[in-house]
Amino acid sequence: MSQFNEKSILITGGTGSFGKRFVSYLLESAEPRKIIIYSRDELKQFEMQQRFDAPCMRYFIGDVRDKDRLITAMKDVDLVVHAAALKQVPAAEYNPNECIKTNINGAQNVIDAAIASNVLRVIALSTDKAANPVNLYGATKLASDKLFVAANNISGAKGPRFSVVRYGNVVGSRGSVVPFYRHLLAQGKKLLPVTHPEMTRFWITLDEGVEFVVKNFSRMQGGEIFVPKIPSIRIVDLVEAMSGQREYETVGIRPGEKLHELMVPEEMAHHSIEFDNHYVIAPAITFFDKNVDYMKNRLGEEGHAVSEKFEYHSGKNPHFLTVEELKELDKLTA
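Residue numbers (our numbering): 56 to 389.
Rather than coming from a laboratory, the hints here were simulated on the basis of the structure. Quantities reported herein were computed from a predicted structural model and do not represent experimental measurements. Check before you lean on any hint, since a few could be wrong.
[Said to hold, decoys possible] Derived DEER-like restraints, expressed as beta-carbon distance ranges: (1) GLY370 x LEU239: 17 to 27 angstroms; (2) LYS245 x GLU83: 35 to 45 angstroms; (3) PRO373 x ASP123: 24 to 34 angstroms.
[Claimed, not checked] Straight line, CA to CA, 20 angstroms or less: simulated SDA-like cross-link-like pairs of lysine to any residue: (4) LYS371 x LEU314; (5) LYS386 x LEU376; (6) LYS351 x SER362; (7) LYS284 x PHE365.
Glycine residues also receive a C-beta, built at the ideal position from the N, C-alpha and C atoms.
Let's have the full structure, built from the sequences with the hints guiding it.
Dropping the structure here:
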């Protein structure tokens with residue numbers, strides 16, 4: 056029996072790539088009481104309604120910057136996925152205050168509304184850019200992660216449980232490099248732009264991201280940052296997979312961009328636990344229950360401490376996708 060049966064689920068930023076795929080999963084695999092799409096764009100909601108019009112669907116226009124509206128939307132809600140964010144790295148550098156209002160103040164509003172509405176569990180979506188951030192987007196998501204972890208202390212022993220899922224670049228998601236490259240190739244572009252030829256990134260499909268979030272609703276005790284074990288890619292391999300050639304145009308690193316990404320920095324190794332297919336960064340603070348054992352999750356899966364110098368780094372990942380594997384993924388996400 057699905058954990059989502061007869062549950063009311065709210066997704067902030069629900070008209071995005073993750074929200075649509077998560078709704079598909081819920082409608083195909085469970086019998087939810089309600090699925091609430093909470094977002095600020097009426098056109099995207101209208102377009103989504105044409106595709107997802109099941110009787111359990113609800114569409115709320117609202118911004119995560121508006122706590123009162125969030126409280127109204129969360130009435131009788133059981134589970135929340137917080138996916139709303141301003142995510143474009145260069146845009147955040149040029150509009151820092153707007154990014155802070157959505158990614159940090161909005162995160163606190165989601166927390167306050169969840170506590171006020173007495174929901175059961177909340178998972179916030181994070182990013183590899185939140186680990187040792189060098190750009191404003193990453194810094195706001197790190198602050199958001201800290202807010203969601205500490206929220207377990209505010210909610211108390213009987214209140215909602217909050218956890219975070221942190222993963223890398225989602226293949227084919229809106230605004231990401233794959234659809235950008237497809238667009239350029241469709242226009243007849245001969246050489247694809249590369250910011251730096253040594254660049255690497257963590258790589259996950261949308262389905263894998265949804266599956267990881269679904270599983271972590273069952274695993275979570277509250278306070279964890281869940282990190283999946285996923286492959287890395289080299290940007291030049293992606294260029295070859297999509298264009299058929301190794302040549303590219305170097306355009307320089309964008310404002311706030313890294314050569315490689317981290318998901319578990321070395322500084323957090325002493326808080327990190329390895330499981331079969333994921334890592335958990337346990338909270339650095341003690342809160343609602345001093346006896347929580349993060350070495351064993353609610354599914355009974357057991358982990359072990361990582362080494363003292365451990366870090367999960369896209370450039371040092373033991374698993375890189377080959378050009379052929381990238382070609383196959385490109386076909387699947389086209």
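Flag every earlier hint the structure violates by its number, smallest first. Violated hint: only 3; rest satisfied.
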